[in-house]
Amino acid sequence: MDWLSKNLPYLMAGISVGGQYALIAIGYTMVYGILRLINFAHGDIFMVAGLVMVYASTVMPVYLAIPLVLVVTVVIGFVVERVAYKPLRSAPRMSVMISAIGVSYLLQNLALYVTGGLAQQYPAIPWISDTITVFGVTTKRVTVITPPLVIVLVAALVMLIQKTKIGMAMRAASKDFETSQLMGIRINSVISMTFIIGSFLAAVGSLLFFSNYTGVTPTVGAMPGLKAFVAAVFGGIGSIPGAVIGAFIIGISENIIKGLGWTTFSDAFTFALLIVVLIFKPTGLFGEAANDKV
Amino acid sequence: MSENVLKVEHVTMQFGGVVAVDNLNLEVNKGEIVSLIGPNGAGKTTAFNVITGVYPPTNGAVYFQGKKIVENHPQGKMRRQYLGENEGKYDHVIAPTPDRITKLGIARTFQNIRLFKSQTVFENILIAEHMRRTSNLFTATLHLNGAEERQMRQEADRLLHIVELDDVRDELATSLPYGKQRRLEIARALATKPSLLLLDEPAAGMNPQETDELTAFIGRVRDDFHLTIFMIEHHMDLVMEISDRIYVLDFGKLISQGTPDVVQSDPRVISAYLGVQEDE
Amino acid sequence: MKKQTEAFVSVALIAALLIVLFVLERVIPSTSMLFTVLKKGAIYALVAVSMNLLNGFTGLFSLGQAGFMLVGAYTYGVLTIPVDQRANVYMYYDGGLIQFALHPILAIVIAGIIAGIFAYLIGLPVLRLKSDYLAIATLGFAEIIRAVFQWDKLGPLTNGSNLLRNYPSYKSVLFYFAASGVCIALIVLLINSTYGRAFKAIRDDEVAAEAMGINLAHHKRIAFVVSSFFAGVSGALLAMYQTSIQASMFKSAMTYEILLIVVIGGIGSITGSCISSFLFIILSEWLLRFLDSELVIGGFKVPLLRSGFRKVVFSIIIMIIVLFFRQGIMGTKEFSVRGIYNRITGKGRKAQKGGAADE
Amino acid sequence: MKKKIVSALMAVSMAAVVMAVPAMADTVKIGVYEPASGDNGAGGKQEVLGMQYAHSMTPTVEIGGVTYDVELDIVDNESSNDKGPSAASKLVSDGVSVVLGSYGSGVSIAASDIFKDGGVPAIGVTCTNPQVTQGNTHYFRICFLDPFQGTVLANFASETFGAKKAYVLTKLGDDYSTGLGFYFTKAFEELGGEVVKGEFPEGNSDFTSYITDAKNEGCDVFFTPTSTEAAANEIEQAAAQGLTIPLLAGDTWDSNVILNAAEGKDVQIYVTTFYQEGGNPEFDEGIKEFINSDSTNLANNGNDDTVAAVSAMGYDAYYTALEALKAAGSTDPAAVNEALWGVTYDGVSGHIEFDQENGDAIRNSAFVKVANTESGAWDFVSEQTISE
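The listed protein sequences correspond, in order, to chains U, C, X and H.
The opening residue of the first sequence carries number 1 in this note's numbering; numbering runs sequentially from there.
The opening residue of the second sequence carries number 295 in this note's numbering; numbering runs sequentially from there.
The opening residue of the third sequence carries number 575 in this note's numbering; numbering runs sequentially from there.
The opening residue of the fourth sequence carries number 934 in this note's numbering; numbering runs sequentially from there.
Pulled out of the complex, with its shape left as it was, chain U reads as follows (with noise of 0.2 Å):
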């Protein structure tokens, strides 16, 4: 019981912030799945939406804040693609990343001149935002709802790629781009969506990562959102799965780490693990194996 109540902190430590990863890493995957574009502003649409929620309550109640956030976070995914993105469709690939870059720099700079660089507190969320005991240990409970509320999204947003229409259509799409456009699927449509639904979910995620981290400051989206694609790519990128499974890996080793006493290489231990993955499986743990046509 002494070991548990000193060493449960850790794990449920790492698999809350796990659980917050995977929520960010599926915006990651779905959209390298589609564009093959590793979306740096990502992480940054993730710090955006807790800036609104902080800006949000000081003029309206949580009850509304929330759907609000949910909303404005959603609309600036779907613009960024529309802006930066859409544009660049039949440009190089680098291109698109350098402008997701600069989305990035934007979004960032932009929070830097609204909250004149100065770190912001997130409101405390009823109910999420308690304290409470769990085998003897005090933790919010948002800690504890996480790796639940995580479970049932993945599992919806799996029906909703398994069983409805556009869900088809993303997974025509990231399987063969050009020909799923011959065949009749809008692609534009699809392409919004992923950022949609990617959006929301780092929407969500930011509820719960600042219910339990409270600062909000304008480039604290960059190393969750860094992670988070460490986690898509450990997991294979293009799987939902994989991309959840690998961000409660990080999630929970980082806070292992930690816990040895490693506090100095816990970021740095992220990184070793992706590129042994990388090494040993280059498509990560879940990934097809793709041959080049020669």
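Think of the hints as simulated: they come from the structure by calculation, not from any bench.
Footprint (simulated), chain H over chain X, 3 or more residues, beta carbon under 8 Å:
no.	stretch
1	731-737
2	816-823
Heads up, simulated PhoX-like pairs for lysine-lysine below, C-alpha to C-alpha not over 25 Å straight-line:
no.	chain 1	residue 1	chain 2	residue 2
3	X	Lys727	H	Lys1098
4	H	Lys1198	U	Lys6
5	C	Lys397	C	Lys362
6	X	Lys704	C	Lys411
7	H	Lys1130	X	Lys727
8	C	Lys547	C	Lys301
9	X	Lys727	H	Lys1119
10	H	Lys1130	H	Lys1119
Short derived list, chain X residues pointing at chain U, Cβ under 10 Å:
no.	residue
11	Trp725
12	Asp726
13	Ser826
14	Arg880
15	Lys885
16	Ile895
17	Arg900
Backbone N, C-alpha and C define an ideal beta-carbon position, used for all residues, glycine too.
Given chain U, put chains C, X and H in place with the hints provided.
Showing chains C, X and H alone in chain U's frame:
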């Protein structure tokens, strides 16, 4: 036994569950033009890729001028296994990466033309000279290899002249008309000074006149450069006119072989190409 | 125009530039912002060109530049801090491990070599990866290097989380131009050599390049190590320019900045990288700074101007370039004496690939 | 086309630069080298507020018989050792006579040689790391130093809480944080205590594992000299995890960011600082009025009118600079530098006088405050002095 330049022995290539090439055996003799034909997806290009070291085969071996150059490895991880350090352990040469195959004297062209897009015709040819350099990184960077560099350029120009592309020397490779791009790709392969040339559908997408020109060109190249040619082709006119022997591949398996006349009258070949009779 | 004339004019232009700088240094006070941005611009030009060698000329998408700059900067700092200053700088680590100091020029070269060695070791596993995977792996390595250099246990060598400073540095802008110019010239020579042609072949088509007898692994490694060598050198120059360094400066944001410079200049254009790094630095560090302070003209307070606005404007400019001027300033062309000559005389338009700016 | 746009942009920005330079008539420029963004943005802004208030009180100075208008030339060093030097170069190139700042030791050290090369003296306001002034003749400072502060905190931990074991959490790559952590550790171990170390990387917002470490190790105090940005997260998570041991921190935590984060939570927070509100009622009242008079000022102070110690320090720094200008009798930076060695000034935060070795203020007392989580204000605990 006649002197065979290329010998493919029991080569099988599997991708996951798909058997692209199944126990392929063939030989190409010195000075011959041999064609490999078969319906789409028969595994012809895969066979080329195995010979040139792009894929390590699942099983079997490839011999070039009597030396084993490619063989299977239990784990299929031949590349890693044979990169350099194990070379001394064999009395034959193991050269699994494409660049080493090229250095041994096998050059190839590609089904979907793969020229260096951003470079001129001349530069495309010149690149082949790189593998024969005697300069190292430092002497080359500091341009201390003037004599070598001049020689490289002369060689490239000479070749351009032979293949009659010197009038478009400084054009971008991709700005050439289709037929000339094909010819350039062959010229580029010739620049590596091969003794065996693999051509992957050299006449694809050509009109009859261009095809005729190509036929003459291939014949001339063989004679001028004392080459052996092994070629994949769909244009039957071209194949029948130029080939000394033909191999026919279907679903990865060799179904027929012999001189053009023999193959042309082989019922298995006809059914493979027309496909439907047996099913009905 | 003859080749010799061309070379002569180029050299003359460079000499003229150096003379102008030399004169400027004697006319304008040395503290002027002009020299600050010129120095930084020269350093960034070098690192941008080194990144271009990889991303633009070899087609390897690497995002590890900041990491190699860090290695170079630290190597320089660690090796050149005067012995009598070490107790002061390494105050938490009893004066540190190393108790000698090298000549700055020697240290710059060693900085490049150490960065090259790091690149060689990192390249062994990661260069087998393709495109985005390579990018993310190199980015990861840069992050790992950063953590390692800040590690407490390496403190006697790297000073841990603390700044390295008090090392010698050259003040003259001429030095930065000369050092950076020599390095860029070497890169240009490399690109124009038979190795450079091999790099470009790999960029255009790996499979075809391999079929031309080019050993992919070997050449990618050469490009990676050479690029990192020069990134290390530019790191050392940056250390010199900044007068103090710390691992936390070399974040992925720095790599992104360099990548933007390369893209704005035109991927695959050396002169483009140089021009855009000067533009980038001058705009962001100097000319746009006024956007950060409130401005009142004739009693009218200009709206929006306050701290942070500079960066917003700057990132919007970048987005406009990325979206509407995809080729960057130069595309893949080079700015050359011959190009200008041909432009003026109207000669050789057709056959020239490396023409002048925009046609 | 592209070229035209680029040149148009250049022309516009050039024009704007020219317009931005006001007419110079008997003006003396004081450079303000402070962070307005990044980790230390909040503190930097409060420090600048103190200077701006002082400037509003005394906008002119008499130098050598001529009355000069004082102009504050404020640049943002972005709390970054990378961007700092170019901001510092901007000040030098603008021709300031003396520089004030910065909040945060790292950026001050990073810019130190830029000021030296430019021949401009600088007055450190709240940068407490010894390296800022060590071994140079142009950097002065008006606050106490980390060896002192670390010792005060170690003594305080040991005396007040009887602490035997302390958890020290510092930020990787932050000179201030690791420096103060180092001095605390040294002093605490000399007192017979034991220290458990933790380090967090840049951009980290998850502190739960560090807090769990501290709990598991059975530490008596949690010492965390960090920026306020990390602090808000730490407090939040310490409260959520029910960390019962007191949190100790240095001068950076004396900020209403901390008070806001701690309000209504079950945490004990103790900080050492330069000034305690109420120490000089006249100053308190004046600056509160100044803060409340302008919405920007109010926002810069974190949307309330709590007087931050750094504002008091900024205020004193401004007047110290004026004293130096008067003593120098010239706006020439070299003369100001020379004069600074002899400057004394009685400010709201106490008597300021520089030692003749490094140019550090001779200070031997610090205030210890505790965050009142109910009223959201600082309560005075004690004034700690160390006599050597």
